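Novice: Sequence:
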Amino acid sequence: MRSMRNATCVIVLILSFSFSACHSQNTHYKNPKMTKEVKELIKMGEDSIIALALNSIDGNAGLENFTSATVLTNGEEVYVSFRNQYKYLPIHTVCYFDFGVNITTQTTYKNSVANPYDYTIEGRIPYFQLTEDFKKHIDFVKKAIGNVEGFEDELIIREHEDFYDIEIVSESQESSYKIKKGSGEIYDEFHAHLEPIPFDVDDSEEFKKVIFSEIED
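Numbering (mature numbering (1 follows the signal peptide of the UniProt record, and there is no 0)), first residue to last: -24 to -1, 1 to 193.
Read the hints as simulated data drawn from the structure, not as lab findings.
It is possible that some hints are incorrect.
[What the hints assert, rightly or not] Ranges of calculated distance between the beta carbons of each label pair, as one might list FRET restraints:
1. D94 - N36: 36 to 42 Å
2. G38 - L170: 32 to 38 Å
3. K19 - D138: 52 to 58 Å
[Said to hold, decoys possible] The list that follows gives simulated cross-link-like pairs (lysine-lysine, DSSO-like), each with its CA atoms no further than 27 Å apart:
4. K9 - K185
5. K119 - K156
6. K185 - K154
7. K118 - K157
8. K185 - K12
9. K185 - K156
10. K6 - K19
Since the structure is predicted, the reported quantities are computational estimates derived from the model, not experimental observations.
C-beta: ideal position from N, C-alpha, C; glycine also.
Model the full structure from these sequences, guided by the hints.
Specialist: As structure tokens, this is what we get:
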């Protein structure tokens, strides 16, 4: 249970923005009312804003380190979320997978994930970079799970000698299980229902994905 709590803490920040980005796919969605400063920043365009956010990182990360980059706003601030949905870790490794940059407040957020959970290294923690070998491990796990079309949750894959340790945290449930190498057999499953937030979130404070096509000149 402790490991699942750790996983939840690691990605809770990224999840809060990821769900907002998913909600933006609703055809009735519109950009929130923006301040003059935010509107001028958004007019720079998506690519320029993402490049600006990357410049705020320590210089050792680029777009190749992430599978997605999303620009979000609550009307008063602009936030860029860099994300790796599938987080694969060989044994005895630690990486930064997700990164957030609040361009308005000039603050950055990043979380590392390790295998095993308490593994640490001396010196700089590297950013994840997908290789062909890593992709093979991820594809094997996705095939074993099956039916991943439309899957938007975070999935952490920790490799061991003869199995993969899997963790998934969604908006309403957290799960863990093991997948046996070779056969793809799933075992030691654990599922826990997450209670909803016990208070209402002010919609005006929620960060949502920017729809650039709706930005007026």
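Novice: It remains to establish, for every hint, whether it holds in the given structure.
Specialist: Hints, verified against the model:
1. D94 - N36: 36 to 42 Å: violated (24 Å)
2. G38 - L170: 32 to 38 Å: holds (34 Å)
3. K19 - D138: 52 to 58 Å: holds (54 Å)
4. K9 - K185: With Cα atoms ~13 Å apart, K9 and K185 stay inside 27 Å; holds.
5. K119 - K156: holds (12 Å)
6. K185 - K154: Distance of about 34 Å is beyond 27 Å: violated.
7. K118 - K157: Holds, at about 13 Å.
8. K185 - K12: holds (18 Å)
9. K185 - K156: Roughly 38 Å separates the two Cα atoms, so the pair is violated.
10. K6 - K19: holds (16 Å)
The structure fails to meet hints 1, 6 and 9 from the earlier list, while all remaining hints are met.
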